[in-house]
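K.L.:
The primary structure of each chain is shown beneath.
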Amino acid sequence: MTDQTPVLELRAITKRFGPVVANDRVDFDLQAGEVHALLGENGAGKSTLMSVLYGLYSPTSGEILVDGEPVRIGSPGDAIAHGIGMVHQHFMFIPVMTVTENIVLGSEPVKRGSGAALGVLDRRASRRRVQELSDRYGLAVDPDARIEDVSVGMQQRVEILRALYRNARILVLDEPTAVLTAQEITELMAVLERLKADGTAIVFISHKLGEVLEIADRITVLRRGRSMGTVPRAGATEQSLARMVVGRDVIFRVHKDAAQPGRTILSVEDLHVRDDRDLEAVRGASLTVRAGEIVALAGVDGNGQSELVQAITGIREPTAGRIAVDGTEIAGRGVRAATAAGIAHIAEDRHRVGLVLPFTLAENLALRRYRQPPLSRHGWLNLKAIRELAVRLVEAFDVRGGGPDSPASALSGGNQQKLCVAREIDSDPKLLVAHQPTRGLDVGAIEFVHSSLIEQRDAGKAVLLVSLESEEVSALADRVLVIYGGRIVAEFPPDVSDEELGIAMTGGAAAAA
Amino acid sequence: MKVFARLSAGAAVAAAVAAGLIGTAASSARTTRSSKKSSASSFTLGVVADTGGLNDHGFNHLAYVGELAAHAKLGVKYQVLVSTSSADYVPYLTKEAENGDKLVVAVGFDFTDALGQVAKEFPKTHFAIIDTPAQTIPGKPKNVEGLIFKSQQSGYLVGYLSGLVSKAKGYKTVSTVGGQDIPSVTAYIAGFQAGARAADPKIKLLNAFSNNFADQAPCETLADNQIAQGSKIVFQVAGGCGLGALQAAKQHGVYGIGVDADQGYLGSYILTSALKRVNNAVFQATQDLLHGKFTGGGNLVYDVNNNGTGYGRLNAVAKPYAKQLQKLLAEIKAGKINVPTTMLVK
Amino acid sequence: MKSSALKRAGRSAVIPLITVLTAFVLAGLVMLVTGNDPLSSYGAIFDGTGLNWLFPWVSGHNRTIAAQDLQQTLVAAAPLVLTGLSVAFAFRVGLFNIGAQGQYTVASVIAVWVGTVFTSMDPVIHIVLAIFLGALVGAGWAALAGWLKAAFGAHEVISTIMLNWIAIWVASYLFQEGGPLQGTQALGNPVSNTIAGNLHLPVIWGNPELQGLDVGVFLALIVAVLYWAIIRRSTLGYEVRAVGHNPTAATASGMNVARSYIVTMAICGAFAGLAAGIDVFGWEFQVSSTTISTSQVGFLGIAVALLGRNTAIGTVAAALLFGALETGTAAINLNPSSINPELAPQLTLIIEGLVVLLVSTDLIALRLLGLPRKLGWGKPQAATARGDALAVDDPARDPAEALRPEPGL
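Protein chains in written order, with our numbering: chain A, 1 to 513; chain B, 1 to 346; chain C, 1 to 409.
The shape of chain A in the complex, shown without the other chains (with noise of 0.2 Å):
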């Protein structure tokens, strides 16, 4: 990069909230024309500088300088006054109103003339200028669509659209690949690319290490609230990088042998299941995964296979079809048929779904076996053995950040994870059902979940994977099903390509077969 001024720099930035430090003394500097990416694994503090940046948060000590002159970000709308937007994780929209409603909402263009007093809006001034940037970025953004009926990723580029409309030329992605899929991916990756052609400044938050080498010109790593240092893409490697991250040297690639399947466990047969809003999400889909195997099920987020899971986990009835666990059949049984034929579930959303955050640590081992002795006798629970359950799964699983009593949200997103792998491995079942296991977390928590899931096959345990991403697939599976439309579309084997994999998860092998 040249030695031009910074469009936007911050000095030594301190954020503490109570006795904790989220920020300690950190610099950054971001040139025009720049991706610069912010790694680091979760609680590093990322999310906490970029909040900052966008006045969500006032530091507790340093200061910004926005082309080289110092600004109080006080608001985001401070913020925006200075060019920069943010694209949050969370996308922020009234989901019943048009793409272009949404833009504009907040900043709306009053009609000239006699309009102004009235606070007429002026729509298609508004329109104009969403499809003239759409077009300008190739976001391919149809302003007049509602928010509710387009997809995550294009709902996305409605949200660097929203920024782009403020005139922002500073723009921080937190965590943008996330949601996405490998396909959505590639086509972000375009868009930032013009973008910074274009000039616009890009923060780019992220714990992959993979799409950070791929897009970023430099990369700040944050370990622990502290600058790890700044280092060019040119001779940064996923191991130097991981290094950084973490602190030490990261197996990328857990060591598998290969399989040997024995006896049929899961066999799912010509199941149909409908969602929340009563739509039929899977449809005559069929499955087995044998002992001993992993068996991927691969496929674009919102295809059936949340429902899939559910179904086989016992938590949403199936309308028709089998689902039989080593022969017994519990379609339709309920959650504890389910676990009683041998079924554990690692669940795709630890916050919601796998912990009670407000638990202690002991209380959420023991939600799967609290109503068997030894955890209780005659509906009252016997805290010592809970409490001994606790601590011997805490240090056989090395999970950190708590004891026994310490509650659950005082993990890390890692820890929580290894708190929910725990219990469901330790239930010793016949089939484990990890749905996107590593989401959300860093290379060292991911590396810990792939360990575990080889063991458990290696155990001769059948594991069914759901996955949304391609990396993780190939590593573990030995056998990768897709599904798209709520039905198993294609059968490929570990090494297949991600070209290949890829076609079949948007429909392309649904012809092809």
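Warning: the hint list may mix true and false statements.
[Unchecked claim] Ranges of calculated distance between the beta carbons of each label pair, as one might list FRET restraints:
1) C:Val157 to B:Asn307: 50 to 60 Å
2) B:Gln229 to A:Arg124: 50 to 60 Å
3) C:Gly153 to B:Asn315: 52 to 62 Å
4) C:Ile222 to A:Val152: 47 to 57 Å
5) B:Ser85 to A:Ser61: 26 to 36 Å
6) A:Phe91 to C:Thr361: 28 to 38 Å
7) C:Ala151 to A:Val152: 32 to 42 Å
8) C:Val157 to A:Ala258: 55 to 65 Å
9) A:Arg263 to C:Ala151: 55 to 65 Å
Worth flagging that the hints you see were computed from the coordinates, not collected in a lab. Quick reminder that beta carbons are idealized off the backbone N, C-alpha and C, glycines included.
With chain A's structure known, arrange chains B and C on it following the hints.
P.N.:
Using the frame of chain A, we list chains B and C on its own:
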């Protein structure tokens, strides 16, 4: 959501007071009540109000007024306790009795059973109870006197006035909102209905019970309905709840009639009020006891003859009928009219 | 372990104590502004609660009075403990039980009815049966709201309010002039029959004729212990807490959330129903339309539960405070020269109102004091309910996030 109403009322009071802090500052230190003849007497008059509270614009308020009058004119010491729930009745009566009170007045029939319990335990203390015959107190204790009112007379007087006004103005309907179907309420209404028919035999009578004496909303709703059915004069017999009925009358531009106390202060739409001078009864009972007279086990009856019942101030519309009302009052005093206590229309 | 648990309990008492003290100070300002001396007034209130009985130097007549006052404080507190627990238990499963008043009301009707018929029954069995049936009907009444929630998604706040009014109006009707349950000796008054003297709950302290302290207070304390045991030691309580914190995770763990709502509400209703039972057989002995429409014991239970932070000990303490306030403020009336008797009852309301106001804003206190949220009610539900799975920086670890108020309260 009564508790919230109560609590938010508390918060509102706090806020209002806080505002006062800024305004009138600390100069508002209230002059302490000086008891003129406190040395003259060791007699203490105790009043226990029911859950309606002293600000009920009705009989609790009047009992307190009577107590203050006794304090001022007779030199007795006084105490008043305000019940917040029926759980307070026995302990508050006990507290008053234990405090050496010579006369303890329980305000209202709600105290019937509680008084039966307490009077038995304090045979040397004198008790009086408003609106309740002493014979109905459990155990018929000899140290309790009932202070009862012929409130049907007051009802008759204001009912008659309503009839006269209706006839003159061509009103077809008048109505009453009662707090509960109990004798102390129905006597008023019975008198009102008889009086109205006496003045205007064709007048249509409406009545409704709110089953509530505290919350204004139900009475307001009932009065709204009555006014919608054509009522031009609304007589409330429901204490604090009834103020809602008067509010409805005001909003719809019809006339209201107050009860117990003179509620003419509410505005010119108050035709008049049917009085039950509880204050006079409390004062009288105190004075009697000071003079060694106590009707233990029996009742003191208050009516037009001893200024216990009557009507309040007349508004502009009612003024022209003042003479007729005076005449009617004299007739009742003379016993020429026997006012019924049973309602014509329920 | 033990000492840290104690420390935790001590710390969680800090905020409610600050809240109450602040309320007293503000109410003291009110007194000051209105020209009264707060210190002597509070002295009178304290004496009025009967708590001065605990001081050995209070003797003679004063001691007798103090004993009676303390009895009344406890008589008033006992049902508040139960209605407080009723509201608190619902909070634990994530429901807002505004219906304790209605549950109390239906239970009073049943208790007084059973208590005044079947006169040939053995007295002990009779009392137990009447109180039990009252609690059972209270449970059913509350379970109705739980069922409406579970089956149709009807919000329990709405349904319990509606059930309150149904209970209050039906009960008023039953005892009013000509009503089916009006007492035979009522002589035009809207009251029930009176429970016979041999069916009164035994008075353990004070004069049974003057509303001495009956054994109801023990029942309240036993229920408080039971509450603690259910919440902390039973699988039912574990399920209730799990559902309260995170119904989705509870479902995924095989718990039946709908059933939890119904069972929890039934238990809440039983608690409120027991409050009615001890009132009817402890000191009330009859029920009138007037007391039904003026009773506040169920509504006050909401404030008690809020101040007590839904714990057993906290609820007992808060009920004692509210009971003491109700009893104690009466005493300042005894000297009309200190506070205008027309205003004195408002003082109770001001203090109660301030307590509720401050409890609901105690997060402000937390912020001012710079104390972490952990002292308070634990984690905000918001973090679990908002679906933060995609969030990388865990919001639950962000102390600023943790200061967000709990939803629904």
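K.L.:
Determine for every hint whether it applies to the structure shown.
P.N.:
Hints versus structure:
no. : hint                             : in the structure
1   : C:Val157 to B:Asn307: 50 to 60 Å : holds, 52 Å
2   : B:Gln229 to A:Arg124: 50 to 60 Å : holds, 57 Å
3   : C:Gly153 to B:Asn315: 52 to 62 Å : holds, 54 Å
4   : C:Ile222 to A:Val152: 47 to 57 Å : holds, 55 Å
5   : B:Ser85 to A:Ser61: 26 to 36 Å   : violated, 57 Å
6   : A:Phe91 to C:Thr361: 28 to 38 Å  : holds, 32 Å
7   : C:Ala151 to A:Val152: 32 to 42 Å : holds, 34 Å
8   : C:Val157 to A:Ala258: 55 to 65 Å : holds, 60 Å
9   : A:Arg263 to C:Ala151: 55 to 65 Å : violated, 43 Å
The structure is inconsistent with the numbered hints 5, 9, although it conforms to all the rest.
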